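Sequential numbering of the sequence shown, starting at 404, is according to the working numbering.
No wet-lab data here; the hints were simulated from the structure. Just so it is clear, the structure is predicted and the values come from calculations on it, not from any experiment. A virtual CB, placed ideally from N, CA and C, is assigned to each residue, including glycine. Keep in mind that a hint or two might mislead.
[As the list claims (entries may be wrong)] Label-pair ranges, simulated between beta-carbon atoms:
no.: 1; residue 1: Asn781; residue 2: Phe757; range: 16 to 22 Å
no.: 2; residue 1: Phe757; residue 2: Asp630; range: 53 to 59 Å
no.: 3; residue 1: Leu492; residue 2: Asp691; range: 43 to 49 Å
no.: 4; residue 1: Leu481; residue 2: Glu440; range: 33 to 39 Å
no.: 5; residue 1: Asn434; residue 2: Leu803; range: 44 to 50 Å
no.: 6; residue 1: Ile494; residue 2: Ala602; range: 23 to 29 Å
no.: 7; residue 1: Leu785; residue 2: Asp623; range: 52 to 58 Å
no.: 8; residue 1: Asn631; residue 2: Phe757; range: 48 to 54 Å
no.: 9; residue 1: Ile421; residue 2: Leu492; range: 18 to 24 Å
no.: 10; residue 1: Leu833; residue 2: Leu484; range: 32 to 38 Å
[Unchecked claim] Straight-line C-alpha distance at most 30 Å; calculated DSSO-like pairs for lysine-lysine:
no.: 11; residue 1: Lys579; residue 2: Lys465
no.: 12; residue 1: Lys579; residue 2: Lys458
no.: 13; residue 1: Lys843; residue 2: Lys522
no.: 14; residue 1: Lys465; residue 2: Lys575
no.: 15; residue 1: Lys629; residue 2: Lys522
no.: 16; residue 1: Lys748; residue 2: Lys782
no.: 17; residue 1: Lys836; residue 2: Lys522
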Amino acid sequence: MFRLEIRYLSFFFGLISILSFFNIIYSYYFNLYLNLETYYISLGLSITLSILFYKLKISEKKLSIFDKILTVFFGYILLPLVLSIPFYLSIYNLSFIDSFFESISGFTSTGFTVFENLKNIDQSLILWRSSTQWIGGLYFLFSIIFLIDIYDESFKKSLTNYISFNSSEVFKQATKIFLLYTSITLLIFIILNIFSIRAFDSLNLAFSLISSGGFLPVNDLSSIIKDNIQIIILSLLMLISFFSIFFSYNLFFIKNRNLNFFYEDLHLVVYFIIVISIFFLFFSSSNDFSNNLLSISSSISNIGFSLEKGQQNLSFIFLILVIIGGSFFSTSSGLRFIKLYSLFKYSINQILSFSRPKNIYMNKLIFTKINFNFEEINKYFLTILIFVISLVILSSILSLSGINFENSFKLSILTLMNTVNSSIYGIEDLNFKIMNIFIKYCLIFFMIIGRIELLTILLLIKKFLVKN
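Could you build the full structure based on these sequences and the hints that come with them?
What follows is the structure, encoded as structure tokens:
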């Protein structure tokens, strides 16, 4: 018998009500009345659900990891349903599936859209779709803490540098994450304004960048970002969702810090410098390096933004960067660089131990004294295995639906890695609105699978198999 921790979801329904109220104020201030009543409906429903979920009595027994996984999965269904209301009741005649697809795409920070021309959409609804990313990114960070038991000891140790997992400290730690997430969003907004990006676009971009989302407030990024300085600034801001959300916090606010505080982010810095160096030496001229920097930052942070000047002949390399992903405690997706690096190092050590049995090879991460054990390596391998299986299944479904194999393969990677389709991957012309209902539901399911730790799928399968 499974039990859901519904109080966990009440906080996010409360956030939806705040965002709904913000959209109402925004609509009145700028005389945007076309979809105003839809925000009143989402406000009333989200407040009702927030209070109801908070007041409902729950068992005092400790939740199992399976209960927690299903709670998070349930949230990825129910919260986007409420977020889809302004889309469904808007004047743009979206069907239920299109509205739900749009909200899921935003909430999972993927960025696929059914809107063909954003110029025809009023600003309040554009702001709403950007808000779905912001709340989805925060939900993802909270879910990592909620499901911390499934993660490796090394990752847990890295998080205890910043937060406590003591149940009595839950509210305090949740508040810390919320305030940090909100403060960084505000900082991104201010920086973009400083570099001459208009306030409305800056706000929408801030919601996208902090959450690693893929929604733009316009059809083409080049209509917002027009010079090399803006390209470089946007590229650097994208890295915020590549590194741990606590990276900047630790740099400026923690005293007596040591390398163990930075070990994952130091690996990511080295990785980023190597990637940049390779592109600078082999793939870039003096004229297009800034565009490649944007594509690299966009890919490693799983955002997916690009300018029309992106090099489509490098799409495979950019897809590899998308798969690798960023930090463990960030809003980016991907398999995570530190996992792949640990798995690679362990494999090399195993090969060397057979060829030179008298030598001892340490499974130790550089910049730290942390050693990873065999159990953690098994988890890394299983995560990759589940990703490959999911990729094969989704690619097959998309291919059978009439999408050519190359586009099916690319779209499957982007779906599982929650990255928007764009020109750097060569599939920017996909029209999600005309796709059949079955394909949309498949994409919805795998967008959620990509956002939830892939290892959770194996745990649920194991649970049901053992039960049967």
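Comparing the hints with the structure gives:
1. Asn781 x Phe757: 16 to 22 Å: holds, 19 Å
2. Phe757 x Asp630: 53 to 59 Å: holds, 55 Å
3. Leu492 x Asp691: 43 to 49 Å: Holds - the Cβ-Cβ distance for Leu492 and Asp691, about 44 Å, lies within 43 to 49 Å.
4. Leu481 x Glu440: 33 to 39 Å: Hint violated: Cβ distance 22 Å, outside 33 to 39 Å.
5. Asn434 x Leu803: 44 to 50 Å: For Leu803 against Asn434, whose Cβ atoms are near 48 Å apart, the range 44 to 50 Å holds.
6. Ile494 x Ala602: 23 to 29 Å: Hint holds: Cβ distance 25 Å, inside 23 to 29 Å.
7. Leu785 x Asp623: 52 to 58 Å: With Cβ atoms ~40 Å apart, the hint is violated.
8. Asn631 x Phe757: 48 to 54 Å: holds, 51 Å
9. Ile421 x Leu492: 18 to 24 Å: Hint holds: Cβ distance 19 Å, inside 18 to 24 Å.
10. Leu833 x Leu484: 32 to 38 Å: violated, 24 Å
11. Lys579 x Lys465: holds, 24 Å
12. Lys579 x Lys458: Given pair Lys579, Lys458 holds - Cα atoms ~24 Å apart, limit 30 Å.
13. Lys843 x Lys522: Holds, at about 24 Å.
14. Lys465 x Lys575: Cα-Cα ~20 Å, so holds.
15. Lys629 x Lys522: holds, 18 Å
16. Lys748 x Lys782: holds, 15 Å
17. Lys836 x Lys522: Status holds; Cα separation ~17 Å.
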